[in-house]
Amino acid sequence: MLKLVRKKTRKVGAPPGTLVHIGEKKAERTKISIMDYDHADLHEKESGNVEDCIPLRDAPTVTWINVDGLHETETLRKLGEAYRLHPLVLEDILDTNQRPKTEDFEEYIYIVFKMLSFSEETNEVEAEQVSLVVGRNFVISFQEREGDVFDTVRDRIRNMKGKIRKMGANYLAYALLDKVVDQYFIVLEKLEDRIESLEEELISDPTPSTLRSIHMLKREMILLHKFVWPLREVVDTLQEGESPLIDKQTIRYFKDVYDHIIQVIDSIDTFRDMLTGVLDAYLSTTSNRMNEAMKVLTIIATIFIPLSFIAGIYGMNFRYMPELESRWGYFVVLFIMLAIGGLMVYYFKRKKWM
Amino acid sequence: MLKLVRKKTRKVGAPPGTLVHIGEKKAERTKISIMDYDHADLHEKESGNVEDCIPLRDAPTVTWINVDGLHETETLRKLGEAYRLHPLVLEDILDTNQRPKTEDFEEYIYIVFKMLSFSEETNEVEAEQVSLVVGRNFVISFQEREGDVFDTVRDRIRNMKGKIRKMGANYLAYALLDKVVDQYFIVLEKLEDRIESLEEELISDPTPSTLRSIHMLKREMILLHKFVWPLREVVDTLQEGESPLIDKQTIRYFKDVYDHIIQVIDSIDTFRDMLTGVLDAYLSTTSNRMNEAMKVLTIIATIFIPLSFIAGIYGMNFRYMPELESRWGYFVVLFIMLAIGGLMVYYFKRKKWM
Amino acid sequence: MLKLVRKKTRKVGAPPGTLVHIGEKKAERTKISIMDYDHADLHEKESGNVEDCIPLRDAPTVTWINVDGLHETETLRKLGEAYRLHPLVLEDILDTNQRPKTEDFEEYIYIVFKMLSFSEETNEVEAEQVSLVVGRNFVISFQEREGDVFDTVRDRIRNMKGKIRKMGANYLAYALLDKVVDQYFIVLEKLEDRIESLEEELISDPTPSTLRSIHMLKREMILLHKFVWPLREVVDTLQEGESPLIDKQTIRYFKDVYDHIIQVIDSIDTFRDMLTGVLDAYLSTTSNRMNEAMKVLTIIATIFIPLSFIAGIYGMNFRYMPELESRWGYFVVLFIMLAIGGLMVYYFKRKKWM
Amino acid sequence: MLKLVRKKTRKVGAPPGTLVHIGEKKAERTKISIMDYDHADLHEKESGNVEDCIPLRDAPTVTWINVDGLHETETLRKLGEAYRLHPLVLEDILDTNQRPKTEDFEEYIYIVFKMLSFSEETNEVEAEQVSLVVGRNFVISFQEREGDVFDTVRDRIRNMKGKIRKMGANYLAYALLDKVVDQYFIVLEKLEDRIESLEEELISDPTPSTLRSIHMLKREMILLHKFVWPLREVVDTLQEGESPLIDKQTIRYFKDVYDHIIQVIDSIDTFRDMLTGVLDAYLSTTSNRMNEAMKVLTIIATIFIPLSFIAGIYGMNFRYMPELESRWGYFVVLFIMLAIGGLMVYYFKRKKWM
Amino acid sequence: MLKLVRKKTRKVGAPPGTLVHIGEKKAERTKISIMDYDHADLHEKESGNVEDCIPLRDAPTVTWINVDGLHETETLRKLGEAYRLHPLVLEDILDTNQRPKTEDFEEYIYIVFKMLSFSEETNEVEAEQVSLVVGRNFVISFQEREGDVFDTVRDRIRNMKGKIRKMGANYLAYALLDKVVDQYFIVLEKLEDRIESLEEELISDPTPSTLRSIHMLKREMILLHKFVWPLREVVDTLQEGESPLIDKQTIRYFKDVYDHIIQVIDSIDTFRDMLTGVLDAYLSTTSNRMNEAMKVLTIIATIFIPLSFIAGIYGMNFRYMPELESRWGYFVVLFIMLAIGGLMVYYFKRKKWM
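Chains as they are written, first to last, in numbering that gives the first Met the number 0: chain A, 0 to 353; chain B, 0 to 353; chain C, 0 to 353; chain D, 0 to 353; chain E, 0 to 353.
What the hints contain is simulated information worked out from the structure, not anything from laboratory work. It cannot be assumed that every hint is accurate.
[Said to hold, decoys possible] Taking lysine-lysine and the BS3-like style, the derived pairs with C-alpha atoms no more than 25 Å apart in a straight line are:
{"#": "1", "chain 1": "C", "residue 1": "K77", "chain 2": "B", "residue 2": "K160"}
{"#": "2", "chain 1": "E", "residue 1": "K351", "chain 2": "A", "residue 2": "K348"}
{"#": "3", "chain 1": "A", "residue 1": "K351", "chain 2": "B", "residue 2": "K44"}
{"#": "4", "chain 1": "C", "residue 1": "K350", "chain 2": "C", "residue 2": "K247"}
{"#": "5", "chain 1": "D", "residue 1": "K351", "chain 2": "C", "residue 2": "K348"}
{"#": "6", "chain 1": "E", "residue 1": "K24", "chain 2": "D", "residue 2": "K189"}
{"#": "7", "chain 1": "D", "residue 1": "K100", "chain 2": "C", "residue 2": "K178"}
{"#": "8", "chain 1": "A", "residue 1": "K162", "chain 2": "A", "residue 2": "K189"}
{"#": "9", "chain 1": "B", "residue 1": "K254", "chain 2": "A", "residue 2": "K247"}
{"#": "10", "chain 1": "D", "residue 1": "K100", "chain 2": "C", "residue 2": "K165"}
{"#": "11", "chain 1": "B", "residue 1": "K77", "chain 2": "B", "residue 2": "K25"}
{"#": "12", "chain 1": "E", "residue 1": "K162", "chain 2": "A", "residue 2": "K350"}
{"#": "13", "chain 1": "C", "residue 1": "K350", "chain 2": "B", "residue 2": "K350"}
{"#": "14", "chain 1": "B", "residue 1": "K77", "chain 2": "A", "residue 2": "K160"}
{"#": "15", "chain 1": "E", "residue 1": "K100", "chain 2": "D", "residue 2": "K178"}
{"#": "16", "chain 1": "D", "residue 1": "K189", "chain 2": "D", "residue 2": "K44"}
{"#": "17", "chain 1": "E", "residue 1": "K100", "chain 2": "D", "residue 2": "K350"}
{"#": "18", "chain 1": "C", "residue 1": "K350", "chain 2": "D", "residue 2": "K160"}
{"#": "19", "chain 1": "A", "residue 1": "K44", "chain 2": "A", "residue 2": "K30"}
{"#": "20", "chain 1": "C", "residue 1": "K350", "chain 2": "D", "residue 2": "K351"}
{"#": "21", "chain 1": "B", "residue 1": "K165", "chain 2": "B", "residue 2": "K189"}
{"#": "22", "chain 1": "C", "residue 1": "K24", "chain 2": "B", "residue 2": "K351"}
{"#": "23", "chain 1": "D", "residue 1": "K350", "chain 2": "E", "residue 2": "K348"}
{"#": "24", "chain 1": "C", "residue 1": "K44", "chain 2": "C", "residue 2": "K189"}
{"#": "25", "chain 1": "D", "residue 1": "K77", "chain 2": "D", "residue 2": "K24"}
{"#": "26", "chain 1": "B", "residue 1": "K351", "chain 2": "A", "residue 2": "K348"}
{"#": "27", "chain 1": "B", "residue 1": "K247", "chain 2": "B", "residue 2": "K165"}
{"#": "28", "chain 1": "C", "residue 1": "K351", "chain 2": "D", "residue 2": "K100"}
{"#": "29", "chain 1": "B", "residue 1": "K254", "chain 2": "C", "residue 2": "K160"}
{"#": "30", "chain 1": "C", "residue 1": "K25", "chain 2": "C", "residue 2": "K165"}
{"#": "31", "chain 1": "D", "residue 1": "K25", "chain 2": "D", "residue 2": "K77"}
{"#": "32", "chain 1": "E", "residue 1": "K247", "chain 2": "A", "residue 2": "K100"}
{"#": "33", "chain 1": "D", "residue 1": "K100", "chain 2": "C", "residue 2": "K247"}
{"#": "34", "chain 1": "C", "residue 1": "K162", "chain 2": "D", "residue 2": "K30"}
{"#": "35", "chain 1": "C", "residue 1": "K160", "chain 2": "B", "residue 2": "K350"}
{"#": "36", "chain 1": "A", "residue 1": "K165", "chain 2": "B", "residue 2": "K100"}
No experiment lies behind these values; they were computed from the predicted model shown.
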């Protein structure tokens, strides 16, 4: 289940800048993979170590360092030192509770956001924190665990597809961000399918578990909104192009990502409105049905309970009950019952209950 | 049914600028029709091809190229090349998931929005994406399928009605946009009719299907709002007149369209409020009726169940029941029953239930 | 009933600037009345024609042309030509669907808003569109039908009451607008009375028709809000005094009108909140009452149904039922019934249901 | 009960600037009391008349003229003339419908707001309009009736407590405003007490009157919000210090009042949220209880109604009913009843209803 | 329980600047502890008095004066005088009703906010007011009672951990604020745990007390929001770095705190949405269950009540009832009963109630 607040308790009390990993340990080992390229050449190193990264810092080629797994704080500290990251940035990278944000440290831009994926097993959305440090010639990406989302970007670099090899580090940052937002759309599609199937279920055959699923989905929407909404601001800041690290021709691409994020937020809000609508529809239908059942019950009970009472009276075993002896008593009582029943029916018809 | 997210999956993984048509294939063939005119002359070509369009790009006459059907990506690529469109613009034209927006590329303005129509068959609103590329001397319009909405504009050009022949490409863009917004009003009228008829139905004879229709309409309003709301911003940008492609005397016309869009949004929101109001009214009426039924049931049951119990007691067949032998037993019991019933009635009257 | 969208269909397809009257025809004939005055003189013409108006356009005196009835488009076209009105202005005057707005055309200001009145017959609010064209020396007012709202302004002009004769055309425009806003307060008073009487009705003796009236009122509030809300912006624009047509000393008066409009909007919103509150109160009271009834029903049924069942058992006519023959059977059974009843009462007392 | 709109009808039709008192007549006579002081001297006049005020206008000492009662329009007109007040200001002072606002007339500032008090008799909040006219050396305060709220300010002036005697007229205005806002806190405390006692009542022993009181309180919150909310803007304008009539050192004090008003608004909104919460809690508790009652009723009825039916069958008096003659008929039937009852109980246990 | 308004009554009437402690007396004695340090030296005094503080005011070392307990107004007055605090600041420090705010007095900045803690005993959040006065070389902190939250800061000063000893007074202020915000996260974790456990309880076994707890939590969220929301503005003002008292390098740290506060506010709002969601889920589940119960009851009652009535008829003891004498009467009646029952079942099946 998506969670908003992860245990931070062990951190409390430490001075700011202390490196503590806050979140679940999702990867076995911290894995560093390096891609170093320009228009002509490409050097790749699958599982490198921090020392491999240091000389690339000031090389004119574009360097992409991808770090999977955040719990080996010592490794990260070294990397941070080599690339001169502010202690608060390192702290934020390790704290997987971050709200999406971007900060401009002149030498580099720090961007943090959430990657979403839909787990087919649990039918739930999963979130993972991704941090990007974008410098003049390098991008460092931090993920909580190994994933295959960035593989298509890797392929494009390897195969020289698109213009990625011709552009700088900020275009690479765009490509990674774009990938993550594409991922959002896949999650949205799954959610829309799920909403529709639940909707149908609710109309045809509502069970308590349908209701619970809908409420779980609605809660998921609340959390997704919280995850995606601040990203809008992040990309807005990037597209304004105030940082010299973002080239003018890349801005148009960030604008495109911005439009996509707006669409994602719109969709999440709409889904939420829809789910509310579904529940309202369910409640008013239920209310309508109860009303129907109530009317039937009231009509039947109101007609037959008094009649049964009359029958009950003449079922009493008193010795002296003059009516019982009368020749026409039975028929008179039957007639009275019929009349009462008829009056009741007339009353209900007039009240428009029948 | 209106849908918010259309399958984008096949696109994911491709580099930005890859041309993939996202959406249903609504037209058999991509059809290009060309109108080229100035104050004096008019040249028309019903089903042209891309090659016909190229020489017109730099002609001083106003050229209107209308493209119906978006799935022949190769044709569109060629057209885009000829008119020097940015790859992201072509990508957006093909992706029918676009949120209405406008982008200024200096040489041309790109505008994308939704055309709405009301299908009498399904009683539902249908949406189609329309893209406009507005240059100095040309307008290219892209529709998902062939339609007759722009026919009146064509007639005005042919018959020299209004000032359309005397004005530039930006006035043509206004005329097309104005047409689409007029279309919105027709849809609104249909919806208002439908709301009113559902309202009456709900008051006179509510069936579960009435309720479902109302909820479907409410959901439609949510989606319509999402479709129209961003258009406000689009036209606001246009009317501010910052682009040199929009003539000063056309701005007043865009202002007019802007007012209309505000009215459309207002109406959609009001319809939504009304539908909520209708459902609230329905729920409170139902609740009132259930209360009535409940009261009747409670009164009847509370009066007669105890009396029936008394009758039940004297209907038992015990050999030794002294009351049964008594001369006045029957009448005493009848009197007691009457008294209990009377007391009950008095109690209910005091409680204001009767 | 107030309506938001009026049939515009017949208009669709015509080029912009085509004069078509959209709305009901509320007046028999278009009637033009003219008042031409300055500090010293006053010329009045009750039912003039367009030709009477033309020479007054450039006279130094203040000219007030009031037009009742909008369906004679030819008359209006002539008037518009004489006073050099933009075709879109004439179109807007005729389209009674306008959202209140103001537009500055340098030579004149165009203002359009709604006049409200409360019909005692139908107990409903009625809305009528009023357009003002305010020039340097003239005001043209357009109403959908003849009315007496502006009569007090006419009297003030005739009797030289207040400063109206000493001020320019913009003060006359203020006086007319002020009159219309005063009219709003009268409507608000009626509505407050109605809300209060409905409230009392709902508490003392709620009928389905009370509920319906409340919901109708709530819907009326939604529409009134839509009618009045944009007027705030209109008068705000006027009071900012950017147009040279508004004298500095008149601005203070427009500020006063602005305050009144804010008050009207505030009141409408408050009324809406109140009506929501009334309905909530009603629903929770109903729910409370049903709960009460339910409890009574449950208690009675739960106590007597099992007892009746016991009585039913000993009312069976089996030949061999040993208890029936017993000397004390009847009394034992009576005691058991008493015990069961007592236990039930105890149980309900403990559950706090009694 | 607080009212939003007071009858204005008699005013409608009069030209702007006409002095008509709108509101209830709350005081017998209009009473004018004058305090004239500087650091050294103090002159007081308890029930003065307009003539006493005139010479003080241009004296260097600080003059505080307090007017209780607004219905003697002639007196007010004279005072207004003496102090050169704009006709619209006098009109606003008399119209007790004002929304709190401030207007800068260069020579003086006009401030109007609501004074609140809690009536122990009716358990309701009462509102009264207070107007302040703040000049260089004078403050004129207008109240609807005589009150003792300003007495502590009078005492501070008399006893030279605090810095009031050392400061100018604008500090006096602050002191009066501060007094009124302090008054708000007293009302808030009363309301919080009332909310808490109603809350407890609703949990322990909800009566229809508890519900009605809560709804009345909620409505009161709506009105209080409307009364206090605009005051925030009023004091914000004053603390910005743009008027030369507000000394720089007094601004800090107006900031303090501003903070208090924010707190009052916050509290009112919180109270409203709380009351909504209380009602929601009540509704869900009621719903829970009805559910409980419903379950008990359903279980009892579902078990015993079929059993009673069986007993009813064997209570019929047909001559030929073979079972009745059988030796074990009675016991077999008893056993069948037991079995049916047991099955029902099992069914309900499985459905988790028991 | 968190309270919004604390009794201020005893204050009303006093001139501004009068020192009155508003709030509960939470500490036995006012305790002053002093830390005076620079990079090299540290002087500590655990329970000092005001006189100890005075000479430190203008020393170049950083001085931190912590005051626990606010009821000894005389001590505070002296301290305020020594450090030249504005009377309104002292008043605000003593009034524990403050809304979080910051005010820049040039020589020092005044910051007031709420410290939150979660009491394990009462399962409730507790709030305490903390005031900071931040000068060039000193920080004075005021707490309502002794607490251990600032102890880790003390340790960092003593042990020279982090950079606290190398930075100025404004970094100390940041460290204290950061501590308080860390505290918020601990409270949030507790609340999230509690929400989750209540959620489970509500699904598995809802009792009225579960409902009440959820409503209490929701109300707590309302109050927490009010406490934390204004703090966002406070820290925003500080991070803008307009005061010369905030060093440029500290601003980055205040930015960090700002991000944390945004996260806290986000979480509180999300919790509130979640609680609303939980209650909605509960209500719709309850409604679903009642519907189920209602259906069972209606089916059983509707089938058996008419059948019982028939049995009742033939249980009457009339002497002349021809059917009773008939040979097949009993079996015919049984068959009729079966037929009626079957028809009812068929009817309910068709209505989809079974």
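So, going through the hints one by one against the coordinates:
no. : hint              : verdict
1   : K77/C <-> K160/B  : holds (20 Å)
2   : K351/E <-> K348/A : holds (24 Å)
3   : K351/A <-> K44/B  : violated (65 Å)
4   : K350/C <-> K247/C : violated (74 Å)
5   : K351/D <-> K348/C : holds (24 Å)
6   : K24/E <-> K189/D  : holds (22 Å)
7   : K100/D <-> K178/C : holds (22 Å)
8   : K162/A <-> K189/A : violated (31 Å)
9   : K254/B <-> K247/A : violated (32 Å)
10  : K100/D <-> K165/C : violated (29 Å)
11  : K77/B <-> K25/B   : holds (21 Å)
12  : K162/E <-> K350/A : violated (82 Å)
13  : K350/C <-> K350/B : holds (22 Å)
14  : K77/B <-> K160/A  : holds (20 Å)
15  : K100/E <-> K178/D : holds (22 Å)
16  : K189/D <-> K44/D  : violated (35 Å)
17  : K100/E <-> K350/D : violated (56 Å)
18  : K350/C <-> K160/D : violated (62 Å)
19  : K44/A <-> K30/A   : holds (11 Å)
20  : K350/C <-> K351/D : holds (19 Å)
21  : K165/B <-> K189/B : violated (35 Å)
22  : K24/C <-> K351/B  : violated (51 Å)
23  : K350/D <-> K348/E : holds (20 Å)
24  : K44/C <-> K189/C  : violated (35 Å)
25  : K77/D <-> K24/D   : holds (20 Å)
26  : K351/B <-> K348/A : holds (24 Å)
27  : K247/B <-> K165/B : holds (15 Å)
28  : K351/C <-> K100/D : violated (53 Å)
29  : K254/B <-> K160/C : violated (40 Å)
30  : K25/C <-> K165/C  : violated (35 Å)
31  : K25/D <-> K77/D   : holds (21 Å)
32  : K247/E <-> K100/A : holds (21 Å)
33  : K100/D <-> K247/C : holds (21 Å)
34  : K162/C <-> K30/D  : violated (32 Å)
35  : K160/C <-> K350/B : violated (62 Å)
36  : K165/A <-> K100/B : violated (29 Å)
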